[in-house]
Structure formats: structure tokens, C-alpha cells
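Given the sequences, and given the hints that come with them, work out the whole structure.
Residue numbers for the sequence shown follow my numbering, beginning at 7 and rising by one.
No lab work stands behind these hints: they were computed from the structure. Since the structure is predicted, the reported quantities are computational estimates derived from the model, not experimental observations. Treat the hints loosely; a few may be bogus.
Said to hold, decoys possible - Once the Cα atoms are required to be at most 25 Å apart in a straight line, the calculated DMTMM-like pairs of lysine to aspartate or glutamate come out as: (1) Lys26 to Glu63; (2) Lys21 to Glu81; (3) Lys59 to Asp71; (4) Lys59 to Glu79; (5) Lys59 to Glu40; (6) Lys44 to Asp86; (7) Lys50 to Glu63; (8) Lys44 to Glu79; (9) Lys44 to Glu70; (10) Lys44 to Glu81; (11) Lys26 to Asp86; (12) Lys59 to Glu41; (13) Lys26 to Glu41.
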Amino acid sequence: MASSSSYNSPCAACKFLRRKCLPGCIFAPYFPPEEPQKFANVHKIFGASNVTKLLNELLPHQREDAVNSLAYEAEARVRDPVYGCVGCHLFPPETSSEAPKGT
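Written out as C-alpha cells, the structure reads:
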């Protein structure tokens, strides 16, 4: 997990939201500065305020799993806005060996 301090660059969330990343930032351990798209997707789908509320309600040892789940769902929603992460299970991509070859 990445951490944020006055010596490091701000976490991806604080950089995206254009605010100062304080030492107690709830996003810093889960959204490192090297992964800006991870937070951008989560923010676009769920909103920073809702994610903050969710993380504050969870115990610290549960937060990483929650963020990973949110990031997975958000990325899937960005790729497929209608079905999200369920779409890849309902409609698996056809391979060339499964596609019918004419009649």
C-alpha cells in the first residue's frame, strides 16, 4: 500500500480532486499516485463523497477489499455502462473457434 506524506506526491484521489493530501488521508493507502485512472473510474461511478462515507464506516482491515471491489465494478461500468461486471459473464466474448463458419 502506498502512503502519502508531505515528502511524497499526493495520492491519486487528492490529485484528481485538486486538494492537499494530508497525512491522515483516507484515500492515500488505496489510491497511489501511480494509478490515477483507478480513482478516476471510482469517482466517476460512485462519487468521492460516497466512497469516503463507505470507507469511514468500514473497519481498517476491510477497506482494501472494499476499494478493490469498487475499482473492479467501476472499471467494468466504464467499459460496459449497461451490464457492468455482469456483462462479461452473461455474454462471454466469442472466439473464432466457436463462431459458425457459414452453412
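Checked hints:
1. Lys26 to Glu63: holds, 23 Å
2. Lys21 to Glu81: Status holds; Cα separation ~19 Å.
3. Lys59 to Asp71: holds, 15 Å
4. Lys59 to Glu79: holds, 18 Å
5. Lys59 to Glu40: holds, 24 Å
6. Lys44 to Asp86: holds, 16 Å
7. Lys50 to Glu63: Holds - the C-alpha atoms of Glu63 and Lys50 are around 21 Å apart, at most 25 Å.
8. Lys44 to Glu79: With Cα atoms ~11 Å apart, Lys44 and Glu79 stay inside 25 Å; holds.
9. Lys44 to Glu70: holds, 13 Å
10. Lys44 to Glu81: Holds: Lys44 and Glu81 sit about 8 Å apart, inside 25 Å.
11. Lys26 to Asp86: violated, 33 Å
12. Lys59 to Glu41: Holds - the C-alpha atoms of Glu41 and Lys59 are around 21 Å apart, at most 25 Å.
13. Lys26 to Glu41: With Cα atoms ~17 Å apart, Lys26 and Glu41 stay inside 25 Å; holds.
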